[in-house]
Structures are given as structure tokens and as C-alpha cells.
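Trainee: Sequence:
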Amino acid sequence: MNSHIASPCVGLCSTTLGDSVCRGCQRADSEIGEWFELTAEQRAERMAALDALRERVAAHFLRVDDAASLERQMRRHRIRFRPDQPPLSRAIELLRVGRDRIRDLRCYGLEPLGAAAGLTAGELHAHLNARLLEEADRRRLDLPVSRSPSDDCRPGFGT
Numbered sequence: 074m075n076s077h078i079a080s081p082c083v084g085l086c087s088t089t090l091g092d093s094v095c096r097g098c099q100r101a102d103s104e105i106g107e108w109f110e111l112t113a114e115q116r117a118e119r120m121a122a123l124d125a126l127r128e129r130v131a132a133h134f135l136r137v138d139d140a141a142s143l144e145r146q147m148r149r150h151r152i153r154f155r156p157d158q159p160p161l162s163r164a165i166e167l168l169r170v171g172r173d174r175i176r177d178l179r180c181y182g183l184e185p186l187g188a189a190a191g192l193t194a195g196e197l198h199a200h201l202n203a204r205l206l207e208e209a210d211r212r213r214l215d216l217p218v219s220r221s222p223s224d225d226c227r228p229g230f231g232t
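In case it helps, this note's numbering puts the sequence shown at residues 74 to 232.
Rather than coming from a laboratory, the hints here were simulated on the basis of the structure. Watch out, some of these pointers could steer you wrong.
[Unchecked claim] Here are the in silico distance ranges between beta carbons for each label pair:
1) E207 to D157: 20 to 28 Å
2) E114 to A190: 21 to 29 Å
3) A141 to T112: 31 to 39 Å
4) I152 to A132: 16 to 24 Å
5) L192 to E110: 34 to 42 Å
6) E107 to A188: 33 to 41 Å
7) E114 to A188: 35 to 43 Å
8) L192 to A79: 27 to 35 Å
9) T193 to E110: 36 to 44 Å
10) T193 to T112: 40 to 48 Å
None of these values were measured; they are calculated from a predicted model. Think of the CB as a built atom: it goes at the ideal place given N, C-alpha and C, for glycine as much as any other residue.
Modelling step: build the complete structure from the supplied sequences, incorporating the hints.
Mentor: As C-alpha cells, then:
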């Protein structure tokens, strides 16, 4: 789309409700808090890691048969995506927004796989989202711990 997406935020942050991982963008609460302190390169690395996570999880449920059709439908329905965002990551956004209205995923260039073939778009989204949150929580535990320079001034930090 034309608008620049500076963060993976989708506007429904569940970390404000106490979750350690956001249900919308799959970032850890600490990652959300420090997002704009990261360099552009660090943010790009984190976006790529989130896309890889989404692709890995979505590949258990879906296959993209027609990426151009998926993009057309996303534009038609005004669903945000990044030009460099992989199709399976885009498919997650499509399901998040359209899960209650989508009747046939093939019209969007998507093919459900295995047990997902018998699910509605809403059911598929629920399964996908649950798996995404599990994997995102594992990812959260592997994120680097950032320290600010002011940490050195607190008792117990090199004083």
C-alpha cells in the first residue's frame, strides 16, 4: 500500500491488558516499549523475524497459490501491508480483518492445508492465532535484553 508502516502494530494491543505478547502484532511487551528506540536496522531485523514467525506458523495451515490475487484483494479491502511483507504474513492480516466475511479462501489466492481445509475462515484464524501466540511467546524468551545507559546509575549496576 502507499502508506508507510513504521511498526507491526495493528491497533489492538493486548499488552495493555496484561499479556506479555501482543495478540495483534506478536511483539513482546518489552519490544513494544522500546520499538522507537531501536535503530532502523534493528526494527527491520525485528520485522523480518516477525514475518518469518508468521510464515512458519501459517505454512502449517495455508498455502499461497496466487500472491497477485491475495494482494489485489488486500488492496480492494484496504488491508494494510508492507511491500516487502511475505504473502503468508499478509494472509494472516487478511484473516485477522476479514475472518467473519471470507467464504472461500481460494478467491483470495489461498489454499487451506490438511485439517484447515474443513474450517471456516474464522475458525482458521482462531487456530492460527493460538499457534502464533505460542510461538511468539517462545520468541519473546529469546529476545535480547536491552539496557539503557541510565541503568549504570542505579544501585547494583556497576556502582
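Trainee: A separate judgement is required for each hint: does it hold in the structure or not?
Mentor: Results for each hint:
| no. | hint | result |
| --- | --- | --- |
| 1 | E207 to D157: 20 to 28 Å | 26 Å, holds |
| 2 | E114 to A190: 21 to 29 Å | 40 Å, violated |
| 3 | A141 to T112: 31 to 39 Å | 33 Å, holds |
| 4 | I152 to A132: 16 to 24 Å | 20 Å, holds |
| 5 | L192 to E110: 34 to 42 Å | 40 Å, holds |
| 6 | E107 to A188: 33 to 41 Å | 38 Å, holds |
| 7 | E114 to A188: 35 to 43 Å | 39 Å, holds |
| 8 | L192 to A79: 27 to 35 Å | 33 Å, holds |
| 9 | T193 to E110: 36 to 44 Å | 41 Å, holds |
| 10 | T193 to T112: 40 to 48 Å | 42 Å, holds |
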